[in-house]
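Given chain B, put chain Y in place with the hints provided.
Those protein sequence lines, which keep their order, are chains B and Y.
The numbering used here numbers the first residue of the first sequence as 6 and each following residue consecutively.
The numbering used here numbers the first residue of the second sequence as 124 and each following residue consecutively.
Hints listed in this document are in silico derivations from the structure and should not be mistaken for laboratory results.
Fair warning: there could be bad hints in the mix.
Computed list of lysine-lysine pairs in BS3-like fashion (alpha-carbon distance at most 30 Å, straight line) [to be verified]:
no.	chain 1	residue 1	chain 2	residue 2
1	B	Lys31	B	Lys85
2	B	Lys31	Y	Lys232
3	Y	Lys165	B	Lys31
4	Y	Lys232	Y	Lys165
5	B	Lys85	Y	Lys232
6	Y	Lys165	Y	Lys225
7	B	Lys31	B	Lys89
8	B	Lys31	Y	Lys225
9	B	Lys85	Y	Lys225
10	B	Lys89	Y	Lys238
11	B	Lys89	Y	Lys165
12	Y	Lys237	B	Lys85
13	Y	Lys237	Y	Lys225
14	Y	Lys225	Y	Lys238
15	Y	Lys225	B	Lys89
16	B	Lys85	Y	Lys165
17	B	Lys85	Y	Lys234
18	Y	Lys237	B	Lys89
19	Y	Lys232	B	Lys89
20	Y	Lys238	B	Lys85
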Amino acid sequence: MLDIFLNVSLLLISASTIGFVYRVVKGPSTADRAMALDAIGINIIAITAIISIIFRTQAFFEVILLLGIIAFVGTVAFSKFLEKGEVIEYERDQ
Amino acid sequence: MNVISEIVVGALVLIGALLTVVTMIGLIRLPDTYTRSHAASKSATLGVLFILVGCLLYFWIDTGHISARLILAIVFVFITSPIAGHLLGRAAYYSGVPLSDKTVRDDLKTKQQKKLTHHE
Numbered sequence: 006m007l008d009i010f011l012n013v014s015l016l017l018i019s020a021s022t023i024g025f026v027y028r029v030v031k032g033p034s035t036a037d038r039a040m041a042l043d044a045i046g047i048n049i050i051a052i053t054a055i056i057s058i059i060f061r062t063q064a065f066f067e068v069i070l071l072l073g074i075i076a077f078v079g080t081v082a083f084s085k086f087l088e089k090g091e092v093i094e095y096e097r098d099q
Numbered sequence: 124m125n126v127i128s129e130i131v132v133g134a135l136v137l138i139g140a141l142l143t144v145v146t147m148i149g150l151i152r153l154p155d156t157y158t159r160s161h162a163a164s165k166s167a168t169l170g171v172l173f174i175l176v177g178c179l180l181y182f183w184i185d186t187g188h189i190s191a192r193l194i195l196a197i198v199f200v201f202i203t204s205p206i207a208g209h210l211l212g213r214a215a216y217y218s219g220v221p222l223s224d225k226t227v228r229d230d231l232k233t234k235q236q237k238k239l240t241h242h243e
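The shape of chain B in the complex, shown without the other chains (with noise of 0.2 Å):
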């Protein structure tokens, strides 16, 4: 019953990844891309989640707050370099 549930969940999530390599790929703007690598990061986390469920074990709990850590400062540093060139910026008056 679970398994079936499982497998489904999985199934759509990776099809929906699919999705979002597609606007990695053809995305206008460097801005979309940066935003479907953000939510492909997240759909890892759900599939991390989903795995440890199927094999009952809680190892990859570590696996998904780094995910989740590595993300958010991923998408953080790309968004302050595509808004300003640079990623720590030294001069804090614009």
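Same frame as chain B, now just chain Y:
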């Protein structure tokens, strides 16, 4: 694991997966960077939150104690995903990504023009 807890966990995970599919449809079909950011930041966050809550419930029923790491992950994703969406939309606007043709009003543009005329 009895049957009803299996059904509850499976339904939570399936709702999360369906919300992720909604995100995919929005990210492909919507016409604009900003509307796509709306789809990517809101429904993707809700989908992954449903899946993580299902995972938390499963391990709570299975082992008898709540995993603190999973609660930390849920809170972290819930806090940081709207921030990432906001920063990306802001970066897209200031780096000159055009709005869609069907856009009715642009509040940030009128506000900036007002600020410029005020300075002069």
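Hints breached by this structure = Violated hints: none at all, because every hint is consistent with the structure.
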